[in-house]
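2 protein chains.
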Amino acid sequence: MRDFSHGLAHLSINTATLRKQLGLPAMLEACARRGIARVCPWRDQVEAAGLQSVARQLGHTGIKLSGYCRGGFFPAADAAGLKAALADNRRAIEEAKSLGAPCLIMVVGALPGALSGQPAHKDIGLARAQVVAGLAASLDYARSLAMPLAIEPLHPMQAADRACVNTLEQALDICDALDPDRSGAVGVAVDVYHTWWDPKLEGQIARAGRERLLAYHVCDWLLPTRDLLNDRGMMGDGIVELQKIRGWIEAAGYAGPAEVEIFSEHWWRLPAEEVLDACIARYNTVV
Amino acid sequence: MRDFSHGLAHLSINTATLRKQLGLPAMLEACARRGIARVCPWRDQVEAAGLQSVARQLGHTGIKLSGYCRGGFFPAADAAGLKAALADNRRAIEEAKSLGAPCLIMVVGALPGALSGQPAHKDIGLARAQVVAGLAASLDYARSLAMPLAIEPLHPMQAADRACVNTLEQALDICDALDPDRSGAVGVAVDVYHTWWDPKLEGQIARAGRERLLAYHVCDWLLPTRDLLNDRGMMGDGIVELQKIRGWIEAAGYAGPAEVEIFSEHWWRLPAEEVLDACIARYNTVV
Chain X
13 MRDFSHGLAH LSINTATLRK QLGLPAMLEA CARRGIARVC PWRDQVEAAG LQSVARQLGH
73 TGIKLSGYCR GGFFPAADAA GLKAALADNR RAIEEAKSLG APCLIMVVGA LPGALSGQPA
133 HKDIGLARAQ VVAGLAASLD YARSLAMPLA IEPLHPMQAA DRACVNTLEQ ALDICDALDP
193 DRSGAVGVAV DVYHTWWDPK LEGQIARAGR ERLLAYHVCD WLLPTRDLLN DRGMMGDGIV
253 ELQKIRGWIE AAGYAGPAEV EIFSEHWWRL PAEEVLDACI ARYNTVV
Chain B
13 MRDFSHGLAH LSINTATLRK QLGLPAMLEA CARRGIARVC PWRDQVEAAG LQSVARQLGH
73 TGIKLSGYCR GGFFPAADAA GLKAALADNR RAIEEAKSLG APCLIMVVGA LPGALSGQPA
133 HKDIGLARAQ VVAGLAASLD YARSLAMPLA IEPLHPMQAA DRACVNTLEQ ALDICDALDP
193 DRSGAVGVAV DVYHTWWDPK LEGQIARAGR ERLLAYHVCD WLLPTRDLLN DRGMMGDGIV
253 ELQKIRGWIE AAGYAGPAEV EIFSEHWWRL PAEEVLDACI ARYNTVV
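Residue numbers (the working numbering), protein chains in the order written: chain X, 13 to 299; chain B, 13 to 299.
With the rest of the complex left out, here is chain X (with noise of 0.2 Å):
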């Protein structure tokens, strides 16, 4: 395994968890100054800056993308909404293609209207359906800008309103049906929190290999955890083995940044400089 005790050289900062402290420009500049060379950011965030300006940060900054958050929520209740969620899938993997994302992550959604409370239905068979078509239908737009679409299965706890690939071995069968000679254009993102409770774990890491593991995000599962979204906790303040899963993730050929990604009412209550310290700190003793 590789050695993370010192620098910063596989360090991520997942943008969202400094989201209710900075902007996205400031949460640059701090990042460089402490010279974490990697972030993911959130297509909000990077709306709210301007495209063209963050860019050109990162140009600045040497910052490179660890990822881009994100792409997905592809079931709807009707054609048009269909076709509107193809269309914005378009432009994020042109966004993504503008910042040099290694990878768009996916967040393929659920029950269309379940995240503001208004299920159009009850039928996850469906609107499992509807995201393999629909990430079906921007694969040859993703190869076309050689984007590589990394799926990534959320907690079972939000798969009604957020996303309906709940576990790791959902996903490759996704991946081996939309590309089954493994070419690297779909994969994964592994997030320790949504998948570190699944005991086929260690064998579908092994199963994705290197072409399918696009991304690795970490924090860790509190006890108790009060909140189905916004509780997630800092690395080592959980139960989450974070080094026998990194484990079976490099010796699956992952090489890639451990990105942090942690919401959480508690951080965001923090001072950014504190949060990033944090990271850092947990980054070179427990990740």
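Just so you know, these hints were derived from the structure itself, not from any lab.
Please read all numbers here as calculations on a predicted model, not as lab measurements.
Please note that the accuracy of each hint is not assured.
Which copy is meant is left open, so a pair is good if it fits within one copy or across any two.
[Stated by the list, open to error] In silico EDC-like pairs for lysine to aspartate or glutamate, Cα to Cα no more than 16 Å straight-line:
| no. | residue 1 | residue 2 |
| --- | --- | --- |
| 1 | K256 | D135 |
| 2 | K109 | E223 |
| 3 | K32 | D243 |
| 4 | K134 | D249 |
| 5 | K109 | D152 |
| 6 | K256 | E41 |
| 7 | K134 | D90 |
| 8 | K95 | E286 |
| 9 | K32 | D185 |
Start from chain X and add chain B according to the hints.
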């Protein structure tokens, strides 16, 4: 599929549903007045009322059990803890027999100490091995009393603190290892709350078959869900496809009751009579 639109023949009430309103004797009376023919009581409620007294009341009222909640919690931090868990499971098996339960529901446990916020370690693989060992050690005694053990996979959001068996596939793999002859001595309890999200649910229910399907629990998944334990919904108030899943269960050979099990701060605040009325109305219309 069986017709649930009239009568109560296949309804059972898990007594956790009314645990804040009534003691077990009053709950049994309330069920008897309505013609509810089955319940699944919890050990602490039986202990509070007295085992022999509960057994007598079941005799008077004619109410039968659909299961007994619960055995399990096998993992422990030391040998004494492992031994104590086995002894406690023997007592649970005996109590289930005394009450004429058709099966003992097994909530298998997870990281020792996690439920009180102080996990002794983070090794979920070790916990899973201790669960299999504990089930194996309990099975001989359970067989000797003809008391089937029903492994209940819990939702992955409860993997750290309540049960490290989190998918039906994982539970059935354990059943196959412990009882390859499908004797009926060990099987599963399928609770829609814990399993609805699983992309392999339909196939694994078919795999389970009549011999392994020992209990079927219903409630609903609310949008949004505000708590990881006590925010279950009344059937029809959420997004679970109840009749689709019951179709799979019955196609696999299950002919037992649908047991309503609702842990809910909302429903615990309402009068018991109102909750029972709702359970019956929803059983007749959406289960």
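Quick rundown of the hints versus the structure:
{"no.": "1", "hint": "K256 <-> D135", "result": "between (36 Å within a copy, 10 Å between copies)"}
{"no.": "2", "hint": "K109 <-> E223", "result": "neither (19 Å within a copy, 54 Å between copies)"}
{"no.": "3", "hint": "K32 <-> D243", "result": "within (14 Å within a copy, 28 Å between copies)"}
{"no.": "4", "hint": "K134 <-> D249", "result": "between (36 Å within a copy, 11 Å between copies)"}
{"no.": "5", "hint": "K109 <-> D152", "result": "within (15 Å within a copy, 61 Å between copies)"}
{"no.": "6", "hint": "K256 <-> E41", "result": "neither (33 Å within a copy, 53 Å between copies)"}
{"no.": "7", "hint": "K134 <-> D90", "result": "within (14 Å within a copy, 45 Å between copies)"}
{"no.": "8", "hint": "K95 <-> E286", "result": "neither (43 Å within a copy, 45 Å between copies)"}
{"no.": "9", "hint": "K32 <-> D185", "result": "neither (36 Å within a copy, 44 Å between copies)"}
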